[in-house]
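K.L.:
In case you want the letters, here they are:
There are 2 protein chains.
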Amino acid sequence: MEFDLIVANGTVVTVNPDCEIIENGFVAVRKGKIAAVQPMTPGQTLPRSRDSIDANGGIIMPGLVNTHTHAPMTLFRGLADDLPLDTWLNRHIFPAEAAFITNENVRWGTQLACAEMLLSGTTLFCDGYFLEEEVAEVVANVGIRAVLGQGVIDFPAPGVPNPDENVRAATAYVEKWAGRYSKISPALFCHSPYTCSSRTLKKAKAAAAANCVLFQIHAAETADEAQRIQSASSVSPIHYLKSLDVLDADTLLVHAVWVDDRDIDIIAQSGACISHNAESNMKLASGIAPLHKFRERAIITGLGTDGCASNNDQDLFREMDMVAKLHKVSTLDPTVMDAATVLRMATIEGARAIGLGDITGSIETGKAADLIVLDSRRPHLIPMYHPVSQLVYAARGSDVRHVMVDGRLLVKDRQLLTIDTAEVMKKVNELGRKIVQRSFNHTR
Amino acid sequence: MEFDLIVANGTVVTVNPDCEIIENGFVAVRKGKIAAVQPMTPGQTLPRSRDSIDANGGIIMPGLVNTHTHAPMTLFRGLADDLPLDTWLNRHIFPAEAAFITNENVRWGTQLACAEMLLSGTTLFCDGYFLEEEVAEVVANVGIRAVLGQGVIDFPAPGVPNPDENVRAATAYVEKWAGRYSKISPALFCHSPYTCSSRTLKKAKAAAAANCVLFQIHAAETADEAQRIQSASSVSPIHYLKSLDVLDADTLLVHAVWVDDRDIDIIAQSGACISHNAESNMKLASGIAPLHKFRERAIITGLGTDGCASNNDQDLFREMDMVAKLHKVSTLDPTVMDAATVLRMATIEGARAIGLGDITGSIETGKAADLIVLDSRRPHLIPMYHPVSQLVYAARGSDVRHVMVDGRLLVKDRQLLTIDTAEVMKKVNELGRKIVQRSFNHTR
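Here the protein sequences line up with chains A and B, keeping their order.
Residue numbers for the first sequence follow the numbering used here, beginning at 7 and rising by one.
Residue numbers for the second sequence follow the numbering used here, beginning at 7 and rising by one.
Nothing false has been slipped in among the hints.
Intra- or inter-copy, both count: the list cannot distinguish identical chains.
Below are the EDC-like pairs computed for lysine to aspartate or glutamate, each with C-alpha atoms no more than 20 Å apart in a straight line: (1) K39 / D57; (2) K432 / D381; (3) K433 / D381; (4) K440 / E29; (5) K208 / D170.
Treat the hints as calculated values from the structure; they're not laboratory data.
Kindly generate the complete structure, drawing on both the sequences and the hints.
P.N.:
This is the structure we're talking about:
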């Protein structure tokens with residue numbers, strides 16, 4: 007039986023359980039799934055297939071997995087940097103969101119984020135924002151895979167002016183999108199333990215559990231948050247969340263910076279997963295999460311870029327490099343966070359952390375054909391001693407040449423096939439000019 | 007009088023003393039120098055020039071300055087990662103150097119480094135290695151600007167089998183290259199205070215001073231080094247170097263990680279400059295230099311990538327992002343190392359640190375036309391609130407479209423004009439296969 011598509015003539019970095027690397031191999035796709043992964047022997051002819059992609063000696067690997075972002079916030083990329091956290095949030099980001107987060111703008115921002123993610127090799131992302139239905143509509147059109155969490159916060163929010171309705175609105179969203187589109191998994195995203203009451207958190211987790219969807223929450227991000235929870239509840243944020251019974255294998259804790267060994271015990275015992283957002287934690291000076299301890303306790307941990315207001319990009323190649331280097335210097339141990347470990351976090355472990363590890367995140371037969379091809383004939387990727395080292399320490403998002411999700415090409419020769427990039431950039435630039443104008447008027 | 011070249015239709019980020027940004031402007035070049043920097047008014051026609059470059063709405067800025075690298079070490083990019091420092095150095099890098107650092111291989115490695123640096127927007131680099139004359143020959147052919155230091159070490163080294171000849175050989179190299187080629191400044195590079203005796207250090211500094219060239223030295227890089235010097239001399243590495251009288255405004259201290267407040271006083275008083283190599287210090291787990299203190303004491307500090315064995319790239323855009331974020335999180339202060347400060351370190355301050363601040367490093371009339379043009383019509387650079395923020399936090403080396411040094415185009419539309427990239431990549435890949443083979447045989 008012939009294949010639908012074969013990606014051939016490249017080094018296949020599988021990220022399978024044996025971390026297998028096939029120096030010259032091919033990946034064959036049938037009905038959106040990986041049907042064969044094999045080495046090529048000299049002179050061998052490829053099996054029959056309707057279509058083919060020549061990796062041209064580059065690297066064939068699973069698409070990267072971004073376990074935490076706020077896609078529409080590309081609109082605020084670089085609007086405000088290098089500021090104290092409260093100034094940044096209360097005087098710039100929150101006012102900009104209040105004024106500009108409309109249905110239409112969420113769509114433009116999400117398209118821009120999808121464009122950036124796909125062009126830099128991300129095939130699956132986990133989002134948390136408001137008006138998430140708009141995000142879902144865009145994602146369905148673009149064809150990228152995503153876990154999309156409707157935001158829950160005990161303040162008036164875009165689309166949910168009355169906070170009493172927050173969990174109900176999120177639940178309605180989840181019910182509407184559950185099973186509707188194979189590549190979209192709806193989810194709930196509680197903003198944090200300090201912006202959601204205990205009642206809201208319990209209700210939201212119950213709704214997530216009832217619908218078998220992921221429950222995401224920013225937790226233990228800053229020292230200030232930890233102090234607030236400590237003052238109000240006499241325990242750490244993680245302990246507090248445990249006491250509310252919201253920690254289990256379907257909970258994703260985003261950040262987990264201010265956690266001590268007891269908190270880590272709690273997380274490990276609960277089975278909850280972590281999204282580690284190194285660049286965001288660095289730029290906002292939140293702190294350094296004890297990632298090596300998460301690893302020691304076998305807590306499933308993926309990487310996340312966070313939104314563009316706090317990073318300022320969606321490039322997981324840069325994130326991998328940063329993660330590997332940050333934790334070496336913070337522990338003064340050059341052996342921690344080796345390249346293979348970091349690559350696993352950016353692929354299969356990320357997929358597991360958001361509940362999709364059986365479906366995607368590695369090149370294994372039966373999994374979805376969520377693949378990327380990198381061009382390795384670039385000066386900064388020469389010579390090629392160890393592909394995994396090059397991927398983590400030298401490659402850039404711009405080395406990604408082809409991207410497919412479910413076997414469907416979304417980026418071909420660095421060109422997006424399902425997004426009108428020029429139109430999106432034009433619209434977001436126009437919007438940016440309005441945002442700047444308002445910011446100037448506002449601060450006068 | 008007509009200009010030789012005009013670069014127009016872009017946002018000019020001058021990095022001049024006022025950090026001026028011209029939203030729509032042009033830079034005119036005559037005889038290799040910047041002859042005019044002006045805003046464009048709507049409908050204005052450009053002055054007459056023989057040639058022109060359309061920045062296409064992108065960013066026109068000074069080329070980046072890499073204050074520390076070992077160019078030929080691109081040959082060892084990714085050969086050995088994630089290892090304890092002594093294993094990495096003694097079992098991988100030193101043996102590979104002993105076996106493969108020949109005149110010819112230095113030339114291939116240097117060409118690869120120049121290709122990578124130019125393609126990612128670096129127009130000036132400061133190098134330290136052995137067989138530096140070979141590096142200089144390549145650099146002269148390529149047309150990039152460089153300060154090139156011949157290595158001095160009290161061990162047999164490539165090209166200098168007898169260490170007693172090390173300073174004499176370096177001095178002969180400096181004398182040969184002084185004034186020979188306007189874009190190359192020869193220099194001396196003492197490896198470190200623990201691999202050069204006090205006598206060697208004093209002789210080398212005297213030779214550098216006699217020839218008015220830069221004296222570079224790795225200093226206070228690791229805790230181990232600091233302990234060694236402390237054991238042998240009862241003082242810190244910086245104090246030790248001061249006692250030898252080798253610190254002055256023509257000395258470049260590379261790394262300066264293990265320095266206390268008294269060391270920083272010594273550096274500030276001496277006028278010595280610093281090359282901060284954040285990514286290398288992170289990857290090798292050396293430690294985090296107190297960069298904010300260098301800034302407070304007005305010590306001139308540039309950025310360096312270090313060699314490819316310890317980074318593993320030569321991309322200063324990635325380095326800028328890393329520097330801005332690392333120091334925010336290490337001080338828990340999001341306001342330190344703001345984007346403008348980091349950009350200055352990667353341009354004008356870097357040029358000052360290696361003695362070329364009057365010649366290059368910013369867009370000002372009379373300075374050399376060492377310019378780069380970035381393509382800003384990319385999803386990850388949209389919207390454009392603050393060009394400097396985008397350059398530090400979102401841009402990548404691959405956004406660089408055109409590069410010129412002394413007004414001569416070296417990269418046009420992302421293509422190198424003075425390096426046969428395909429040939430260089432082929433040769434270095436061949437060499438890489440031999441290096442791997444020997445490594446395998448060696449470790450068996």
